[in-house]
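S.K.: Sequence:
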Amino acid sequence: MGLFSSRKSKNKYVTLTSKSKLTVDIVDDNKWKKCNQCNEIIYNEDLKNNLNVCPKCGNYFRLTAFERIELLIDEETFMERDMTLNSKDVLNFPGYEEKLETSREKSRMLDGVISGVGKINGIEVSIAAMEFSFMGGSMGSVVGEKITRALERGLKRKIPVVVVSSSGGARMQEGILSLMQMAKTSGAVKRLNEAGIPFISVPVDPTTGGVTASFAMLGDVIITEPNAFIAFAGPRVIEQTVNQKLPKGFQRAEFLLEHGMIDIISERKDLKTTIYRVLEKLV
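Sequential numbering of the sequence shown, starting at 1, is according to the numbering used here.
One or more of the hints may lead you astray.
Stated by the list, open to error - Below, computed lysine to any residue pairings styled on SDA-like, alpha-carbon distance capped at 25 Å:
| no. | residue 1 | residue 2 |
| --- | --- | --- |
| 1 | Lys34 | Glu225 |
| 2 | Lys269 | Asn59 |
| 3 | Lys281 | Asp263 |
| 4 | Lys56 | Pro226 |
| 5 | Lys99 | Ser133 |
| 6 | Lys106 | Ser133 |
| 7 | Lys99 | Leu177 |
| 8 | Lys88 | Leu177 |
| 9 | Lys88 | Phe66 |
| 10 | Lys99 | Glu67 |
| 11 | Lys156 | Met182 |
| 12 | Lys119 | Asn193 |
| 13 | Lys272 | Glu75 |
| 14 | Lys245 | His259 |
| 15 | Lys269 | Arg62 |
| 16 | Lys106 | Gly122 |
| 17 | Lys184 | Met217 |
| 18 | Lys88 | Thr102 |
| 19 | Lys106 | Ile41 |
| 20 | Lys88 | Thr148 |
| 21 | Lys106 | Phe61 |
| 22 | Lys48 | Lys88 |
It is worth saying that the hints were derived from the structure and are not from the lab.
Generate the whole structure from the sequences, applying the supplied hints.
M.R.: This is how it looks when you write it as C-alpha cells:
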C-alpha cells in the first residue's frame, strides 16, 4: 500500500482549469460575521469585497486556498496539477478516514494544498497554496508531495516558485511519514537554490510547526501579511522551555520583520504587486 493514491475527483470537490475564473460558490446561511478584533458585525458581502479584511478596523480574516490563487494569479492562466492525489490511512490511525472525509466535505478539496502553474502579471510561476480548513493545514504525505512537486516543477521548467503556507504543522495521524515531509520539501528547496531559481515563500496567518521549520522559512524572499502569526511552537511551550518571559507579540509578523526572520510585510491588496516586483528583480 502506498502513502497516497490518485483517484478521480467527484463533482463535490472543486478542481481548477486554465479556463476557469476560479468562482467558488460556498453556501453560507449566515450572512454576517463578527470581527474578533473590533467586535463589529460585518456583512459577508462587504467582507468579501474587501478581500476578507475588516472594513472597520483592518483585521485580517483568513482566505481559502482557492481565494489565494484568485488573489495572486492572472485570470484564466492557472492550470492545476496533481489534483487527484489524496491521503491514505497507512497507519490505521483511529478516526483518520472520518477526519479526511469531513475535511474534504468542508473544503471541497481532496487534501490540504492546491498546486499548479499560472502567471503573476505575466511572469509564469509554479505555485502552491495551503488550505488551513483541511485538518488545520497539517502537512501529511500528500501535502508534502504536492509542495515538493511544485518546487521540482519550477526546477524542471526553470520558472520561479511561490508557496503560500498556512499550517498547524505535522499531521499526527501519519506519524513519522508526516515528519519526513520536512526533509523532502527542504531538499527540493535546496535543489532549486543550487539551480539559481527564485523561491518566494509566503507564510500567512497561521504558519507553525514543521512547515515553519522547513520550506516556509527557506525562501529567497519571505513575504507575509500584517500581524500574521508565524512560529514553531506556541508561546507557552517556548516560555516553559527557555524559562523566561518573552516579549508581547514576538511571534507576529512585525516583530519577525524587525528581527530579520522575514523580509517584507505587504497589505493583502498589494500582495500580488509586491510578489511581482520581487520576481521582476530576480528573473
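S.K.: Give a verdict on every hint.
M.R.: Here's how the hints hold up against the structure:
1. Distance restraint check for Lys34 and Glu225: the Cα-Cα separation of roughly 21 Å lies within the 25 Å cut-off, and the hinted pair is therefore satisfied.
2. A distance of roughly 13 Å separates the Cα atoms of Lys269 and Asn59; the hinted pair therefore holds under the 25 Å criterion.
3. Restraint check: the Cα-Cα separation between Lys281 and Asp263 comes to about 15 Å, which is no more than 25 Å; the hinted pair holds.
4. Only pairs whose Cα atoms come within 25 Å are accepted, and Lys56 paired with Pro226 is accepted, the gap being roughly 16 Å.
5. Restraint check for Lys99 and Ser133: satisfied, since their Cα atoms lie roughly 12 Å apart, inside the 25 Å limit.
6. For the proposed pair Lys106 and Ser133, the alpha carbon gap of about 8 Å is at most 25 Å, so the pair holds.
7. For the proposed pair Lys99 and Leu177, the alpha carbon gap of about 18 Å is at most 25 Å, so the pair holds.
8. With a C-alpha separation of about 12 Å, the suggested pairing of Lys88 with Leu177 holds against the 25 Å cut-off.
9. Restraint check for Lys88 and Phe66: satisfied, since their Cα atoms lie roughly 23 Å apart, inside the 25 Å limit.
10. At roughly 23 Å between alpha-carbon atoms, Lys99 and Glu67 fall within 25 Å of each other, so this suggested pair holds.
11. Distance hint between Lys156 and Met182 is fulfilled; the C-alpha atoms sit about 21 Å from each other, no more than 25 Å.
12. Note on Lys119 and Asn193: the hinted pairing holds, with a Cα-Cα distance of about 21 Å set against a maximum of 25 Å.
13. Pair hint Lys272 plus Glu75 holds up; C-alpha atoms about 13 Å apart against a cutoff of 25 Å.
14. Proximity of Lys245 to His259 is assessed by CA-CA distance (about 18 Å); at most 25 Å being required, the pair is judged to hold.
15. Simply put, Lys269 and Arg62 have alpha-carbon atoms about 14 Å apart, close enough for the 25 Å limit, and the pair holds.
16. The suggested pairing of Lys106 with Gly122 is violated, with an alpha-carbon distance near 33 Å, which exceeds 25 Å.
17. At roughly 14 Å between alpha-carbon atoms, Lys184 and Met217 fall within 25 Å of each other, so this suggested pair holds.
18. Using a Cα cut-off of 25 Å, the hinted pair Lys88 and Thr102 holds, with the two alpha carbons roughly 14 Å apart.
19. For the proposed pair Lys106 and Ile41, the alpha carbon gap of about 24 Å is at most 25 Å, so the pair holds.
20. A hinted pair counts as satisfied when its Cα atoms are at most 25 Å apart, and Lys88 with Thr148 qualifies at roughly 18 Å.
21. For the hint linking Lys106 to Phe61, the alpha-carbon distance of about 18 Å falls within 25 Å, and the restraint holds.
22. As the CA atoms of Lys48 and Lys88 are separated by approximately 34 Å, the hinted pair breaks the 25 Å bound.
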